[in-house]
Structure formats: structure tokens, C-alpha cells
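Position chain B relative to chain A; hints supplied.
Chains A and B, in that order, are what the protein sequence lines are.
Counted from 1, the first sequence has number 149 at position 149 by our numbering; the numbering is strictly sequential.
If you want our numbering, it's the 1-based position in the second sequence plus 261.
You may find that some hints are simply not true.
Under the rule of at most 20 angstroms between Cα atoms (straight-line distance), these lysine to aspartate or glutamate pairs were calculated in the EDC-like manner [to be verified]:
(1) B:Lys537 x B:Asp655
(2) A:Lys233 x A:Asp35
(3) A:Lys63 x A:Glu169
(4) B:Lys579 x A:Glu237
(5) A:Lys63 x B:Glu694
(6) A:Lys233 x A:Glu73
(7) A:Lys58 x B:Glu694
(8) A:Lys97 x A:Glu169
(9) A:Lys27 x A:Glu196
Partial pick of chain B residues on the chain A-facing surface, computed with a CB cut under 7 angstroms [claimed, not checked]:
(10) Gln314
(11) Pro322
(12) Asn388
(13) Trp391
(14) Pro394
(15) Pro403
(16) Val424
(17) Ser441
(18) Tyr651
(19) His654
(20) Met658
Note that these hints are calculated values from the structure, not bench results.
Keep in mind that this is a model prediction, so the values were computed, not measured.
For each residue, glycine too, the CB sits at the ideal point set by N, CA and C.
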Amino acid sequence: MAGIFDRIIGKLKDYRHPGYFRKPDHKWTMVVDLDMCNGCEACVVACYAENNLPTVGKVDCSKSRAFSWLRIERYVEGEYPNVKVKFIPIMCQHCSKAPCEIGCPVYATYHNQDGLNVQVYNRCVGTFTCATYCPYDVRRFNWFTYKRDKPLDEQLNPDVTVREMGVMEKCSFCIQRIRYAKDRAKDEGRPVKDGEVKPACVQSCPTGALTFGDLLDPDSRVSKMVNDPRGYKLLSELNTDPSVVYLRRVVEGSSGGHGHE
Amino acid sequence: MNNITRKCREINEDLLSIMTKTGPGYYVLVAVCGILAITLFWLPWAYQIYYGQGVTGLNMPVPWGAYLVNFVFWVGIAHAGTLISAMLYITHTPWRRAIARGAETMTLFALILVTLSVFVHMGRPWNFYWNFPYPNTRQLWPSFQSPLMFDVFAIGTYFTSSVVFLYFGMIPDFASLKHSSTGWRKDLYTALSLGWTGTDREWHVQGRATMFFSSFIMPLVVSVHSIVSWDFALSIVPGYNKTVFAPYFVTGALLSGFAGVIVMLTVMRRAYPVLKKYVTEYHYDRIGQMVLALSLVWSYCTLMEVLTGIYADTSLEKEHLIYKILTSPSMELFALMIFCNTFIPLVLIWRRVRKSAALMFLVSLFVLLGMWLERFLIIPNSLSRKFLPYFWHDYHMSWVEVSITFGAILGFITLFMISIKIFPILSAFEVKEDVGLPVSKEDDHG
Numbered sequence: 001m002a003g004i005f006d007r008i009i010g011k012l013k014d015y016r017h018p019g020y021f022r023k024p025d026h027k028w029t030m031v032v033d034l035d036m037c038n039g040c041e042a043c044v045v046a047c048y049a050e051n052n053l054p055t056v057g058k059v060d061c062s063k064s065r066a067f068s069w070l071r072i073e074r075y076v077e078g079e080y081p082n083v084k085v086k087f088i089p090i091m092c093q094h095c096s097k098a099p100c101e102i103g104c105p106v107y108a109t110y111h112n113q114d115g116l117n118v119q120v121y122n123r124c125v126g127t128f129t130c131a132t133y134c135p136y137d138v139r140r141f142n143w144f145t146y147k148r149d150k151p152l153d154e155q156l157n158p159d160v161t162v163r164e165m166g167v168m169e170k171c172s173f174c175i176q177r178i179r180y181a182k183d184r185a186k187d188e189g190r191p192v193k194d195g196e197v198k199p200a201c202v203q204s205c206p207t208g209a210l211t212f213g214d215l216l217d218p219d220s221r222v223s224k225m226v227n228d229p230r231g232y233k234l235l236s237e238l239n240t241d242p243s244v245v246y247l248r249r250v251v252e253g254s255s256g257g258h259g260h261e
Numbered sequence: 262m263n264n265i266t267r268k269c270r271e272i273n274e275d276l277l278s279i280m281t282k283t284g285p286g287y288y289v290l291v292a293v294c295g296i297l298a299i300t301l302f303w304l305p306w307a308y309q310i311y312y313g314q315g316v317t318g319l320n321m322p323v324p325w326g327a328y329l330v331n332f333v334f335w336v337g338i339a340h341a342g343t344l345i346s347a348m349l350y351i352t353h354t355p356w357r358r359a360i361a362r363g364a365e366t367m368t369l370f371a372l373i374l375v376t377l378s379v380f381v382h383m384g385r386p387w388n389f390y391w392n393f394p395y396p397n398t399r400q401l402w403p404s405f406q407s408p409l410m411f412d413v414f415a416i417g418t419y420f421t422s423s424v425v426f427l428y429f430g431m432i433p434d435f436a437s438l439k440h441s442s443t444g445w446r447k448d449l450y451t452a453l454s455l456g457w458t459g460t461d462r463e464w465h466v467q468g469r470a471t472m473f474f475s476s477f478i479m480p481l482v483v484s485v486h487s488i489v490s491w492d493f494a495l496s497i498v499p500g501y502n503k504t505v506f507a508p509y510f511v512t513g514a515l516l517s518g519f520a521g522v523i524v525m526l527t528v529m530r531r532a533y534p535v536l537k538k539y540v541t542e543y544h545y546d547r548i549g550q551m552v553l554a555l556s557l558v559w560s561y562c563t564l565m566e567v568l569t570g571i572y573a574d575t576s577l578e579k580e581h582l583i584y585k586i587l588t589s590p591s592m593e594l595f596a597l598m599i600f601c602n603t604f605i606p607l608v609l610i611w612r613r614v615r616k617s618a619a620l621m622f623l624v625s626l627f628v629l630l631g632m633w634l635e636r637f638l639i640i641p642n643s644l645s646r647k648f649l650p651y652f653w654h655d656y657h658m659s660w661v662e663v664s665i666t667f668g669a670i671l672g673f674i675t676l677f678m679i680s681i682k683i684f685p686i687l688s689a690f691e692v693k694e695d696v697g698l699p700v701s702k703e704d705d706h707g
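This is chain A alone, in the form it adopts within the complex (with noise of 0.2 angstroms):
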């Protein structure tokens, strides 16, 4: 009798366990190293080339509907001339406790065996639970069907699906990329190597400011950096421990660091 109760009680604790995998296959984590971005926005726009993300125009864009999965915030503090301009890239942060899967009412939104907080376009219904509940505002909706110029349709990656009207969508870490690396890794029978998956953005950054790996490989080049002392989480008060992780840009004349918060 006490057995089953065991059972069941474990049975229920798992369930507090995100993605319900006791062990997942990997941890995927981006680590943002301020200091070396300069916010030359070469991530952004490989993003948009890499993902198929249509651009929306001037009307949309003024009223805050740009598709960009990752985004450039700028921040101007001070009055001329003594005017500082902070910058911090943010993309999904693939949290580990994930406001947006909670609110989702059809699982349109999970935690996969990677680690990752998946998006299944087939799935959604369009409720914007998701958007609503993201601390980060790194959801995007298709308000809608967006057509392409001519000879700009013939350049879509063929590896990621054109998103239909009224579904949600955001930044999948380059799922595409991440399972051909799987996949190859499997046929040689061998475990993905550290630095064989590099989303758009990480391969176009031209300073290495982002570097994409897997937490749980213990010698993997993100499994070093999320140690620096500069490292820190975005609105980490949230407790939504975030898959992404950021290192502090090193200013002369401050003690603390300029993160953004």
C-alpha cells in the first residue's frame, strides 16, 4: 500500500520537472559575452535569412509587429553630450521554467529532450497566452499571410517551414541545425561534438560574441563560461532560469558592471 502511495507522490513530483524528461539529452545554452558584442546587428539579419522571417514593412513595423527573433535593444541614457548607449542582444531565452508553457492551453509550447522550449506551428490555435505571459517579449505573431517580392521567395531555407496566418512563432535556437547535428552525430555513432551546432547568429557574429553549446557536456566551451564571475541571467528575480546567459560588459569607472536591467 505504502508502495503505491510512493508511487504515486514520485509520479506527481516528476510532473514539477519541466519537459516531464528525468534525463534529457542535452542543455542546449547560448552565452552572450557583452563585452566583445558591438551591436553590428549581423546576428539579426542572419536570423531573418536563416528562419525565413518575412519583413513586415514600414506600417507594421511603427506599430511593433517586426518579426526579428532576435533583437538589438538600445538603451540612451544622459543628456547630449554625455550620452551613453547601452545595447544587449535578446533572443528567446529558452527558459527552464517557462512562463509561456504554463499559459498554453493545447501544448503548442513544451520542453523537449534538448532543452529547448519547442514551438509546434501545426499545433497552435492563436490564443497569444504565450505572448502575454513572456517576460522576455520575444514571441511573434503572424498577423498576416506575408508574401515575399519575386525573386526574394526563391531564397527561403528549405530546412525551415513558412509560418501561415494566426499562428505564434519564435526563436527555436536553430532546432534545424541543431537536429542535423543529431542526426549525423547518430550515423557515426559517435555524441555531438562541442561547436558542431552553430545557429545563424553565433556563425555571423564577427567578434564571437555568442557561443552555443551543451551544458551538460562538462568540457564544452559554455560549460566554462557560465561560471565567469561577469555571467548573470536576464530578469533572473523572475525565476524563469533562463537557457541563455550573459556576461557583463566591463566599463572603466563602474564597480558593478553594465547589465541591463
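Structure of chain B alone, referenced to chain A:
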């Protein structure tokens, strides 16, 4: 005895006259409301389905806008009917009898509007059934931890039990109507009355069943709107994440619901003067007391909502409050809301105001406006100032949202007007219970 029989027959005739005596004004009004409801609600919705949600004013920090406001507003309107028919039945409150049926009918149609508001708000409404836990080959289930899933069950339960309760209460009235009506009405009421003959046993069972349904529905008065409030309170957005939300929303729902009942009763009394015999000053007085009490509780909750925000003393809560209370245009809307919901109902302290149908009607319109504004100030307004200041963005309703909001109100009026010609708007058998009592209800001022 003879007197009582005569009175009962009079009630039957009055009831039938409301349903059968139809002037040209009624047809014109139904036609105008119906056509306007279709042009203002269904056509813009078709336009929105064809082109996408982009035709609304929604944007990325504010994806919940006027449609969700309408959703919460209509759930609120539905609440008074349940309170009157269930909670006041159990507490044996005498003044519920004459107004219960009308309020219940309002509940039913408000819940239809609730469902429509949800569909209008969805990005892909043709997939709405994915929200239900139905067996399918891919073994997909809805997420039971989602507050929206709670909503599906709460509204579903509420709708089903309201329909059953409303129909069950109508059976004796259908039975008495089938004797006095002719033509298609006679066939309809004969079928709907389920062979009711009025034996002692039938009345006994009916009374027991009403008690059972009332006890079953009573918790829904509190639970349904609490669950609706959890759509917001279970998120971490500043302005949403408040423990006061469940009681706050329930109070607001009842406040707007009673205001809706007063508006409905006043219009009905004006259109059918025969109703003045049954819905008297006494009823207005009692509902007025209810509105006054609820308005005071609502004001207290609003104060607490603001105070807890100030006490929290975090930059997030402060930004939210500054945007909501100190920045135009929210500032003006907030002031208008307080004026409508706190100060206007204070005039109900005077019995003379409570007994005047015209003044009560006016107060109720203000309360309804104030309650719509309250939801507007909570839902899109909080989202405009979320966590990262770079992504702050304001929200303005587009013409599609405005049109659908007004179309929904007109659709509600159309449905209600059609229903009063088919279903008895007065709970006749309950009104007859009062006949022959030595003390008339008008003299009972408590």
C-alpha cells in the same frame, strides 16, 4: 378562493400578452438591431478571418486587447442571473421571483456572447475544438495546467448548467401556456412542457430539483469568475499578478451583472407596461441596495489593488501604476472608471433614487461603462508596460475591434428580444405563489 383564481388567470393572460401582442415597433427594432448586429459583428469578423488578426490594433507586447475585455465583460453580465436564481433562491429572498427569469435569460445570452468573444480573439478560430479533451489518433491532450483550459471547463459547466436550470424552471410555465395559446405555440409548449399536469408529486419533485440545481450552481457564481481572473493572475506580468484578482473580479462581475439586470428590466417595463404590476419599485429598491453594496466592495478592492502595488515598491509595479494612473490617456480613463463605479452609485444611498426607475437606469449605464473600462485598464493596459522598456508599446483599438464590440451588444439585444416572444420572461408560477398572501410585498420595507 375565487379571487385567487381570478388573479392567477390574470397573470397567465399578462404573460401571454407579452409574448403574443406584438406591435410594429417591435418588428422594426428587431430588424434594425439584427441587421446592425450582422453588419457590425459578423462582417468585420469575416474580414478579420480572411486577412488575419493584423486588422486589429493588437501588437506584440499587447496581444490581448478589446476582445478579451469583451470576454470578461460578458462573463460579468452573466453573473447576476445566477446569483438571483440560485443564491437568492436558497436564502428564500422574496424579491427574486419576479426578476429571476429575465436575469437567467440574460445569463444564457451573455454566455453565448462570451463564447463568441473567445472565438473572435483566437488567431485560428477554426481550430477551436483543439481546446477540448477529445480522443484522437495522435493522442494529443490539452494542457490542464493552463488557466485557459480552466476557462474552457468553467464556461462549459456554467453554460450547460444554466441552460438546464433555465429550462427546468420554465416547465410549469410552458404547461400553463399550452392551455391558453394556439397554433404553433401550442405545439411547441406542449412538447416543451414534457406532459406536466401539475400534480402534487410533480410540484414536489420540481421543488426538490430546483433546490438541487440551485445548490449546484451557487458555487459557480464565485468559481467561474475567479477562474476567469486567473487567466491574468497566474501570469507574472506586473498588473496581472495580483492575489486580490479573484474576489475583485467576482465583485465587479456581480456589480456589472446587476446593472445589466436593471437596464433590461427598465427597458422591458417601458415596452410592456403590464410588467409594472410585477416588477415594482420594491424590486428596484432591493436591487439598488445590492448595487450600492457591491460598488462599495469593488471600490475597496480597487484601492487594495493600487495599495499593494505601491507597497510592493518594485520598479515594475511602479511603472505599471505610473502608466495606469498618472499618464494620459489611461489617467482620464481611470478617473472616469472611479467616477462611474464609486461615486455615481453613492446616490443610491437615498431610497427615493433607488425607487426611481429612470435614475436607476442612468446609474446602471454608468456602472456598465465603468466596468468595461475597468477590464480595459487591466487587460491591455498592463501589457503596454511589461518588463523590458525597449519593448513598451501602446495599444489602440482599430475600427474592427470597436465595430465588433458594438455589434456584440446589438446581437445580445436581438437575441433577447426574439427570446421574449418565445419563452416566458416572467416566472409565472413563482409569482402566483405570492397571490393571496395577506401582506403584499410592496409594504415590506424590512
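Quick rundown of the hints versus the structure:
1. B:Lys537 x B:Asp655: violated (48 angstroms)
2. A:Lys233 x A:Asp35: holds (15 angstroms)
3. A:Lys63 x A:Glu169: Distance ~18 angstroms between Lys63 of chain A and Glu169 of chain A Cα, so the pair holds.
4. B:Lys579 x A:Glu237: holds (16 angstroms)
5. A:Lys63 x B:Glu694: Violated, at about 61 angstroms.
6. A:Lys233 x A:Glu73: Roughly 16 angstroms separates the two Cα atoms, so the pair holds.
7. A:Lys58 x B:Glu694: Given pair Lys58 of chain A, Glu694 of chain B is violated - Cα atoms ~68 angstroms apart, limit 20 angstroms.
8. A:Lys97 x A:Glu169: Judged against 20 angstroms, a Cα distance of about 18 angstroms means the pair holds.
9. A:Lys27 x A:Glu196: Roughly 14 angstroms separates the two Cα atoms, so the pair holds.
10. Gln314: holds (5 angstroms)
11. Pro322: holds (6 angstroms)
12. Asn388: Check passed: Cβ of Asn388 of chain B comes within 5 angstroms of chain A, closer than 7 angstroms.
13. Trp391: holds (5 angstroms)
14. Pro394: With Cβ-Cβ at 10 angstroms, over 7 angstroms, it is violated.
15. Pro403: holds (5 angstroms)
16. Val424: violated (24 angstroms)
17. Ser441: Ser441 of chain B check fails; min Cβ-Cβ to chain A is 49 angstroms, beyond 7 angstroms.
18. Tyr651: holds (4 angstroms)
19. His654: With Cβ-Cβ at 4 angstroms, under 7 angstroms, it holds.
20. Met658: Hint on Met658 of chain B: violated, closest Cβ of chain A at ~13 angstroms, above 7 angstroms.
Checked against the numbered hints above, the structure violates hints 1, 5, 7, 14, 16, 17 and 20; every other hint is satisfied.
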